[in-house]
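One-letter residues, chain by chain:
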Amino acid sequence: MKVNLSTPLKSLALIGAALTLTAGMAAQSVASDWKPSKAVEFIAPANPGGGWDTLVRTAANVIRTENLAEVNFAAINVPGGGGAVAWAQIARDNRNDHKLFATSPPIILVPLAGTSRFNHTDFTPVARLITDYSIVLVANDSPYQDINDLFAAIGENPRLSVGGGSAAGSMDHISIAGAAAAAGLNAASVNYIAFSGGGEAMTSLLGGHVEAVITGAGEAVAQLQGGDLRALGVSSPERIPGLDVPTYKEQGVDYTFDIWRGVMAPKDIPEEALRYYEDLFARMMETDDWKEATERLGWLDAYQNSEEFGAFLDGQLEQFRAVLGELGLLRN
Amino acid sequence: MEALNNLMYGFSIALDPINLMYVFIGVFAGTIIGMLPGLGPMSALALMIPITFNLNPATGLILMAGVYYGAIFGGSTSSILLNAPGVAGTVATSFDGYPMAQKGMAGKALAIAAYASFVGGTISIIGLMFIAPLLSKVAVSFGPAEYFALMVLGLTAVVSLSDKSLVKGLIAAIVGMMISIVGMDLQTGTERYTFGSIEMLDGINFLVVALGIFALAEVFYMLLRGGKKVQKRNEIGSLKLSMSEVKEMAAPVARSSVLGFFTGVLPGAGATIGSFLGYSMEKRLAKDGDTFGKGNIKGVAAPESANNAACGGSFVPLLTLGVPGSGTTAVLLGALLVMGVTPGPMMIEQRPDVFWGVIASMYVGNIFLLVLNLPLIPYIARILDAPRALLLSLILIFCMVGVYGLNFSSFDLVLLLVFGLIGLVMRLNGFPAAPLILGLILGALMEESMRRALQISGGDWSIFIDKPISLVLLLIALLSLGLPVVKKMIQKSRSA
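Just so you know, the protein sequences line up as chains A and B, in that order. In terms of this note's numbering, the first sequence opens at residue 1 and continues consecutively. In terms of this note's numbering, the second sequence opens at residue 1 and continues consecutively.
Think of the hints as simulated: they come from the structure by calculation, not from any bench. Please note: incorrect hints may appear among the correct ones.
[Unchecked claim] Restraint ranges, calculated between C-beta atoms of paired labels, are given here:
id	chain 1	residue 1	chain 2	residue 2	range
1	B	Gly430	A	Ser37	52 to 62 Å
2	B	Gly340	A	Glu272	52 to 62 Å
3	A	Glu66	B	Glu2	40 to 50 Å
4	A	Pro143	B	Asp185	26 to 36 Å
5	A	Glu238	B	Asp185	52 to 62 Å
6	A	Gly227	B	Val138	48 to 58 Å
7	B	Lys487	A	Asn157	41 to 51 Å
8	B	Ala254	A	Glu250	35 to 45 Å
9	A	Gly208	B	Leu394	50 to 60 Å
10	A	Gly208	B	Arg225	28 to 38 Å
11	A	Ser37	B	Phe53	43 to 53 Å
12	B	Gln102	A	Asn67	29 to 39 Å
13	B	Ser462	A	Ala152	45 to 55 Å
14	B	Ala254	A	Ala322	56 to 66 Å
[Said to hold, decoys possible] If we take Cβ atoms under 8 Å as the criterion, some of the chain A residues that face chain B in the derived model are:
id	residue
15	Asn61
16	Pro79
17	Gly82
18	Arg92
19	Gly197
20	Val210
21	Gln223
22	Gly226
23	Leu300
24	Ala302
25	Gln304
26	Leu330
27	Asn332
[Unchecked claim] Chain B residues, not near chain A, derived (Cβ > 12 Å throughout):
id	residue
28	Met8
29	Asp16
30	Ala46
31	Lys103
32	Phe142
33	Ser244
34	Val341
35	Pro345
36	Tyr363
37	Pro484
Heads up, the beta-carbon is just placed ideally off N, CA and C, and yes, glycines get one too.
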């Protein structure tokens with residue numbers, strides 16, 4: 001299978017840029033004179049190396065190299081509790097308008113699982129920036145040819161193992177369980193095997209220890225190039241350009257799942273500060289450096305401004321709550 | 001001799017003056033970072049990411065790899081001198097390294113650590129060069145059942161690590177395993193032993209426990225012995241190794257390097273587990289095994305060669321599968337992606353400059369490390385000349401700064417104190433610390449693997465004996481537990 005991500009992604013990035021341009025201008029018209037007066041703490045609520053960390057470091061770097069702000073955006077790691085430690089710290093600092101953090105589905109999932117007192121409503125959404133999608137992989141010699149084969153097999157054999165890189169009840173699990181539910185199965189019938197990282201899940205699939213693996217499409221590109229694995233379906237609404245993998249929808253399973261990433265701020269920051277940051281990130285996404293970075297990292301631009309992002313998060317909450325409820329993992 | 005051609009190509013990249021400079025910067029920074037407890041290779045690499053933004057990918061990885069193996073190389077220094085492991089992979093080095101320093105042989109211990117690290121590193125590079133693509137098959141053949149069996153085999157080392165009382169050793173190991181399961185359970189998302197505190201959700205950091213139980217407990221212990229003034233000025237001793245010592249260590253270093261390398265290849269295992277396996281293997285094989293833990297030179301050589309070899313081994317899954325086996329290699333993977341290189345099955349073909357350039361740079365880096373470290377030993381070891389009050393305060397500061405630097409969490413400092421006190425109580429009552437650490441590093445992976453395997457098999461325990469690798473590992477574990485018992489019974493029946 002030949003995968004060429006560069007050109008189609010570029011064109012997609014251009015469309016995204018056009019969209020963000022309009023969004024950016026809209027934001028600019030209401031932007032006021034508020035400016036950060038000192039370095040802005042840009043927190044990744046996890047250890048170095050993961051998705052949040054990469055987002056924070058890449059964004060901070062683009063803001064610096066493109067001279068988008070007069071102050072430095074300092075990447076800071078606050079690991080612990082799958083994000084909960086950082087959220088608790090930021091929630092206490094509710095008026096600090098020099099503090100931002102990277103966010104993604106765990107801000108909704110972790111509180112639902114009962115391990116964080118704070119959820120997305122305790123913070124101010126600034127902007128959604130990018131998204132990735134889930135992809136289901138099997139070994140090349142697997143008997144399953146499409147996503148329906150896999151779900152049919154799960155329906156007959158609830159022991160069929162599907163590995164993922166995060167704990168039970170977190171992103172990968174919700175993604176596959178939700179898809180199974182959409183295909184008419186009980187969400188709990190997926191025998192989800194939690195590995196402590198997408199990499200470990202992938203080696204288990206390569207070694208034939210699990211039947212299938214669910215992971216991020218961006219992470220899977222190299223594996224698909226290697227030719228030992230095949231993709232059965234991807235959770236995007238439309239095919240990801242350059243990645244020749246059919247969506248769930250094309251295969252008759254009406255389900256999408258976004259691994260979105262964005263930026264949030266403490267709850268009670270002034271309106272002007274929020275507008276400043278909203279505008280800053282909109283402008284950042286138009287820059288060449290950002291486009292180059294997203295292309296490299298396999299991210300797809302998915303900008304939403306503060307208001308749209310907030311509404312989107314409320315929608316995600318309901319979707320996740322339903323799946324977690326069916327899995328019996330809802331604790332809050 | 002394709003491998004040699006490739007290596008020549010690699011050297012043409014590694015010996016480029018700019019790359020040479022970055023290898024040097026990398027290993028130098030790495031050694032220093034490794035010496036300071038707490039500031040591990042992971043945070044050091046994260047700090048390097050902005051620097052690598054503007055570098056060519058091969059140069060960037062050469063720099064970061066240098067920091068990584070440099071830190072493992074340097075980590076032994078504080079283990080030996082202060083009983084405060086610089087990085088997690090060098091905990092086992094303190095078992096015999098610190099007693100050696102106490103006996104006035106600090107210089108020799110540091111020199112052995114340097115030579116053993118060099119050999120371990122070099123052997124792992126040779127492994128990387130010739131069999132990396134082949135080894136990726138070994139790495140994927142280890143599934144949950146195989147990991148469980150490997151951890152069981154590792155745990156049998158408790159027997160050799162508990163010097164006086166086996167019961168006390170087992171108690172310590174079980175306490176260690178209990179500490180390892182604190183936090184959120186991966187398979188169910190349930191919190192265990194967290195007492196509702198979000199700080200404990202991710203579990204207790206290994207280094208907090210290690211620094212508490214070893215270094216802080218040592219400080220407390222010395223304070224208790226306070227007024228007696230048992231020690232006068234510490235001697236550094238000679239750095240020179242005699243011919244017989246070299247001969248004595250040759251086989252253990254070779255064995256531990258190979259063992260360490262293979263451990264490193266397995267995602268999730270890595271330098272810490274590798275060094276423990278190397279240490280306990282040599283303790284069992286040695287004729288003078290009972291002097292391990294009291295300053296045996298092989299007890300320094302084995303873990304040091306194993307952890308450096310494991311560090312090289314961990315590049316196998318990273319570069320050939322695109323799979324990070326540890327937090328540190330995850331940061332490396334992230335940095336490579338940012339630089340536009342996607343590690344994975346196609347990397348050797350797509351980016352041979354990065355792949356072979358880095359491997360060749362490791363040869364160079366290891367030589368740099370040896371040349372850099374040996375002449376410095378007498379100066380670094382001077383730290384032991386410091387008056388005791390100063391030295392104890394220094395260890396205290398090292399521990400606290402190191403632990404705080406892990407997560408910038410003051411909660412970890414409280415945990416450090418708690419484990420320091422636990423360590424002191426254990427020491428006063430004759431409980432060995434090493435089995436606790438062993439239980440801690442193996443426990444979590446063992447439990448997770450066991451439950452994963454059973455979840456895959458639908459609760460059928462035969463998965464552990466149906467899989468050939470798992471069966472063999474379990475049999476070796478059984479043998480290693482059973483043989484000493486049988487031996488004793490035979491001896492008894494003969495003498496009777």
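Each hint, compared with the structure:
A C-beta distance of roughly 60 Å is found between glycine 430/B and serine 37/A, which places it inside the suggested range of 52 to 62 Å. A hinted range of 52 to 62 Å for the beta carbons of glycine 340/B and glutamate 272/A is inconsistent with their spacing of about 38 Å. Restraint check, glutamate 66/A to glutamate 2/B: a C-beta distance of roughly 45 Å satisfies the suggested window 40 to 50 Å. Between proline 143/A and aspartate 185/B, the C-beta spacing of about 32 Å keeps the proposed range 26 to 36 Å intact.
Separation of glutamate 238/A from aspartate 185/B is about 37 Å and departs from the stated range, judged on CB atoms against 52 to 62 Å. Take glycine 227/A and valine 138/B: their Cβ atoms lie about 20 Å apart, and the range 48 to 58 Å is violated. Evaluation of the 41 to 51 Å hint for lysine 487/B and asparagine 157/A yields a pass: the beta carbon distance comes to about 48 Å. A hinted range of 35 to 45 Å is violated for the C-beta pair alanine 254/B and glutamate 250/A, which are about 56 Å apart.
Between glycine 208/A and leucine 394/B the C-beta distance comes to about 52 Å, which sits within the given range of 50 to 60 Å. Judged by the Cβ atoms, the range 28 to 38 Å given for glycine 208/A and arginine 225/B is violated: they are separated by roughly 57 Å. For serine 37/A and phenylalanine 53/B, the Cβ-Cβ distance of about 27 Å falls outside the hinted range of 43 to 53 Å, so the restraint is violated. Remark: the range hint 29 to 39 Å for glutamine 102/B to asparagine 67/A is contradicted by a beta-carbon distance near 57 Å.
Roughly 27 Å separates the CB atoms of serine 462/B and alanine 152/A, a value that falls outside the hinted 45 to 55 Å. Between alanine 254/B and alanine 322/A, the C-beta spacing of about 58 Å keeps the proposed range 56 to 66 Å intact. Given the 8 Å rule on beta carbons, the hint for asparagine 61/A holds: about 6 Å separates it from the nearest Cβ of chain B. Residue-level restraint check for proline 79/A holds (minimum Cβ-Cβ distance to chain B is 6 Å; threshold 8 Å).
Here the hint on glycine 82/A is kept, as its CB sits about 7 Å from the closest CB of chain B, short of 8 Å. Nearest Cβ of chain B to the Cβ of arginine 92/A: about 12 Å, over the 8 Å cut. The hint is violated. Below 8 Å, beta-carbon pairs count as interface contacts, and glycine 197/A has one with chain B at about 7 Å; its hint therefore holds. Interface restraint check for valine 210/A: the shortest CB-CB distance to chain B comes to about 7 Å, inside 8 Å, so the restraint holds.
Nearest Cβ of chain B to the Cβ of glutamine 223/A: about 6 Å, under the 8 Å cut. The hint holds. The beta carbon of glycine 226/A is positioned within 8 Å of a beta carbon in chain B (closest approach about 3 Å), and the interface hint is therefore held. Because the closest C-beta pair between leucine 300/A and chain B is about 15 Å apart, greater than 8 Å, the hint is violated. Against a cut-off of 8 Å between C-beta atoms, the interface hint on alanine 302/A is violated, since the closest Cβ of chain B lies about 19 Å away.
At a threshold of 8 Å, the smallest CB-CB gap from glutamine 304/A to chain B is about 24 Å, leaving the interface hint violated. Given the 8 Å rule on beta carbons, the hint for leucine 330/A is violated: about 11 Å separates it from the nearest Cβ of chain B. Checking asparagine 332/A against chain B: minimum C-beta separation of about 12 Å lies over 8 Å; hint violated. Every CB of chain A is more than 12 Å from the CB of methionine 8/B (nearest about 26 Å), matching its label as outside the interface.
For aspartate 16/B, the condition that its CB be more than 12 Å from all CB atoms of chain A holds, with the nearest at approximately 24 Å. With a cut of 12 Å on Cβ distances, alanine 46/B falls inside the contact zone with chain A, its closest approach being about 3 Å. For lysine 103/B, the shortest C-beta to C-beta distance to chain A comes to about 39 Å, beyond the 12 Å cut-off, and the non-interface label holds. Its closest Cβ contact with chain A, about 7 Å, brings phenylalanine 142/B to no more than 12 Å, contrary to its assignment away from the interface.
For serine 244/B, the requirement that its beta carbon stay farther than 12 Å from each beta carbon of chain A is met, with the minimum near 44 Å. At roughly 9 Å from the closest C-beta of chain A, the C-beta of valine 341/B falls inside 12 Å, breaking its exclusion from the interface. A beta-carbon of chain A is positioned within 12 Å of the beta-carbon of proline 345/B; the least distance is around 3 Å. Annotated as non-interface, tyrosine 363/B keeps its C-beta farther than 12 Å from every C-beta of chain A; the closest such distance is 27 Å.
In this structure proline 484/B is separated from chain A by more than 12 Å, as the shortest Cβ-Cβ distance comes to about 33 Å.
When each numbered hint is compared with the structure, violations occur for hints 2, 5, 6, 8, 10, 11, 12, 13, 18, 23, 24, 25, 26, 27, 30, 32, 34 and 35.
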